[in-house]
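K.L.:
Please model the entire structure based on the sequences and the hints provided.
Just so you know, the protein sequences line up as chains A and E, in that order. Heads up: the first sequence begins at 1471 in my numbering, then just goes up one per residue. Heads up: the second sequence begins at 1063 in my numbering, then just goes up one per residue.
These are calculated hints, taken from the structure and not from any lab test. We put the CB at the ideal spot given by N, CA and C, even for glycine. Misleading hints may appear alongside valid ones.
Claimed, not checked - Straight-line alpha carbon distances no greater than 25 Å define the calculated DSS-like cross-link-like pairs of lysine-lysine that follow:
id, chain 1, residue 1, chain 2, residue 2
1, E, 1156, A, 1487
2, E, 1170, E, 1311
3, E, 1279, E, 1292
4, A, 1626, E, 1099
5, E, 1318, E, 1329
6, A, 1575, E, 1068
7, E, 1311, E, 1275
8, A, 1481, E, 1156
9, A, 1487, E, 1352
10, E, 1174, A, 1575
11, A, 1487, E, 1365
12, E, 1365, E, 1113
13, A, 1575, E, 1170
14, E, 1332, E, 1319
15, E, 1101, E, 1352
16, E, 1332, E, 1113
To be verified - Partial list, derived from the structure: chain A residues whose beta carbon lies under 7 Å from chain E:
id, residue
17, 1514
18, 1520
19, 1525
20, 1527
21, 1530
22, 1547
23, 1548
24, 1565
25, 1581
Listed here are the chains, written in short residue letters.
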Amino acid sequence: MSNAKFQPSRKMMVIYKRIEEFVERNGRRPRILISSIGKKHHHQETRRLATFLAETGFDVDVGPMQQTPQRAARMATENDVHAICFFGIINRHKELICELTESLKAENGEDIRLIIGGSLPESDYEVPYHAGVALIIDTGALDIELMNRLLDVLEKNDHGY
Amino acid sequence: MTMDIKFYIDGVLARNRRITAKTITLIESSLPAHQEKAKAIIDALLPFTGKAVRIGITGVPGVGKSTYIESFGMELVEQGHQVAVLAVDPSSSKSGGSIMGDKIRMEKLSLKPQAFIRPSPSGGTLGGVARKTRETMIICEAAGYDVIMVETVGVGQSEITVASMVDFFLLLMLAGAGDELQGIKRGVLELADAIAINKADGDNLEKAKAAQKEYEKALSLLTPESPIWKPQVFTCSALTMDGIHEIWKAILNHRKKLEASGELGEKRRKQDLDWMWALVEEGLRDRFYKNVDVSEALPEIIKAVESGKTAPTAAAHRLLGLNDN
Chain A
1471 MSNAKFQPSR KMMVIYKRIE EFVERNGRRP RILISSIGKK HHHQETRRLA TFLAETGFDV
1531 DVGPMQQTPQ RAARMATEND VHAICFFGII NRHKELICEL TESLKAENGE DIRLIIGGSL
1591 PESDYEVPYH AGVALIIDTG ALDIELMNRL LDVLEKNDHG Y
Chain E
1063 MTMDIKFYID GVLARNRRIT AKTITLIESS LPAHQEKAKA IIDALLPFTG KAVRIGITGV
1123 PGVGKSTYIE SFGMELVEQG HQVAVLAVDP SSSKSGGSIM GDKIRMEKLS LKPQAFIRPS
1183 PSGGTLGGVA RKTRETMIIC EAAGYDVIMV ETVGVGQSEI TVASMVDFFL LLMLAGAGDE
1243 LQGIKRGVLE LADAIAINKA DGDNLEKAKA AQKEYEKALS LLTPESPIWK PQVFTCSALT
1303 MDGIHEIWKA ILNHRKKLEA SGELGEKRRK QDLDWMWALV EEGLRDRFYK NVDVSEALPE
1363 IIKAVESGKT APTAAAHRLL GLNDN
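P.N.:
Here it is, written out as structure tokens:
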């Protein structure tokens, strides 16, 4: 029993190392707000992502259900997260991303990175990326590849003031 | 890019929400450069603090702390107060990460312009929580918040730390579990200036009243910390708002008595000393881990202890000796 320790894979060790390096540069763990403007059916999805990220070493803030972009922006700036991951906006992403960007600006949170979560056909990726979204997370595929891409986004200009 | 300290000081005093949030981040940072700045900011802001009512709120998971703070905070905001809530959430000791969901249950309060709610990860080190929470309180007071609530999960050690930095310590409990006094550590009970039996509504009301009597009996057996205050037991409901106002009245009454007897000043001076010691302890720990001789010898010593070659006592002695050189 005593030596039967769980050994993370080598790829996973790379993720842990990247997070530790992030902490060394920024003085804190990567912190992300998971916000959902959708109703109950997003509950599972958001919870899975929250658990996955916290288990990997992120500090994760979870917002109330049906959070508006304005409210999400206020929570993100007050908690001072590095990124917001927005759920449940699939059919209205164009307008909601705009609202969120505007709200972040109004709260002086332009430095907060924008991520959207949920399943979106790849053919629809262009609009959100064009609108300033840094990453689209498919919660069906929570894996090491995703973590690497998420850390790529967070490491870009990661010296906030 | 980090701004100069004037940016933070002016921003906090101008009650800028974003800069206040950024200043707290600076305080929480583990980078020496950030801490250096945070220290200077705290020094500059200290003269603007000291008047707020500082309340510690604790209770076991599920007792309804967040919901209670939501109702309580809303009541205070309606009375014209500016309310800051600092919630300490436990970090995983394995991954280091955390999940902070306090605002899920503080939806109304979190939207009020008069409220500022900041959840913080405990970060694994208790000493860290002590310093960070204390200094974050200073920032919030300087930013004009006149009631500061510190919320912790009631599992023991961190409550003692928080109790040493607030004026009033409120313990939330539930009725009906039968073994009311088992659930919470004795030491935490002793710290309470008041106990509130939460969720005293509907079918639960009678049980709550019975629990109230139980606790009153239990408290009457303890020697009060202060000659001017006997801990009180309330029932309340964050749902119906019953009892919430009474608790605030008790807190104000407590405050008045503290001020009249001069005990508030005494308490604050004691808190300052506690603060100093917390900083000294943190600094000592820091110095130890940053000591070159220590960090060079550490891997080998760890291995020696793990393999049973060196006794833990001898290893500790050697490490501390290396630190002294």
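K.L.:
Give a verdict on every hint.
P.N.:
So, going through the hints one by one against the coordinates:
1. E:1156 with A:1487: holds, 14 Å
2. E:1170 with E:1311: Within the cut-off at roughly 22 Å; holds.
3. E:1279 with E:1292: Judged against 25 Å, a Cα distance of about 12 Å means the pair holds.
4. A:1626 with E:1099: holds, 24 Å
5. E:1318 with E:1329: Cα-Cα ~14 Å, so holds.
6. A:1575 with E:1068: holds, 22 Å
7. E:1311 with E:1275: Holds - the C-alpha atoms of residue 1275 of chain E and residue 1311 of chain E are around 20 Å apart, at most 25 Å.
8. A:1481 with E:1156: At roughly 18 Å apart (the allowed maximum being 25 Å), residue 1156 of chain E and residue 1481 of chain A satisfy the hint.
9. A:1487 with E:1352: holds, 20 Å
10. E:1174 with A:1575: holds, 19 Å
11. A:1487 with E:1365: holds, 22 Å
12. E:1365 with E:1113: Violated, at about 52 Å.
13. A:1575 with E:1170: holds, 22 Å
14. E:1332 with E:1319: holds, 17 Å
15. E:1101 with E:1352: holds, 20 Å
16. E:1332 with E:1113: The hint holds at about 16 Å.
17. 1514: violated, 15 Å
18. 1520: Status holds, d = 5 Å.
19. 1525: Holds, because the Cβ-Cβ distance from residue 1525 of chain A to chain E comes to roughly 5 Å (cut-off 7 Å).
20. 1527: At about 5 Å, which falls below the 7 Å cut-off, the nearest Cβ of chain E leaves the hint on residue 1527 of chain A intact, so it holds.
21. 1530: Since the shortest Cβ distance to chain E is 5 Å, the answer is holds.
22. 1547: With Cβ-Cβ at 5 Å, under 7 Å, it holds.
23. 1548: Since the shortest Cβ distance to chain E is 5 Å, the answer is holds.
24. 1565: violated, 21 Å
25. 1581: Result: violated, 10 Å to nearest chain E Cβ.
Against the hints set out earlier in the document, violations occur for numbers 12, 17, 24 and 25.
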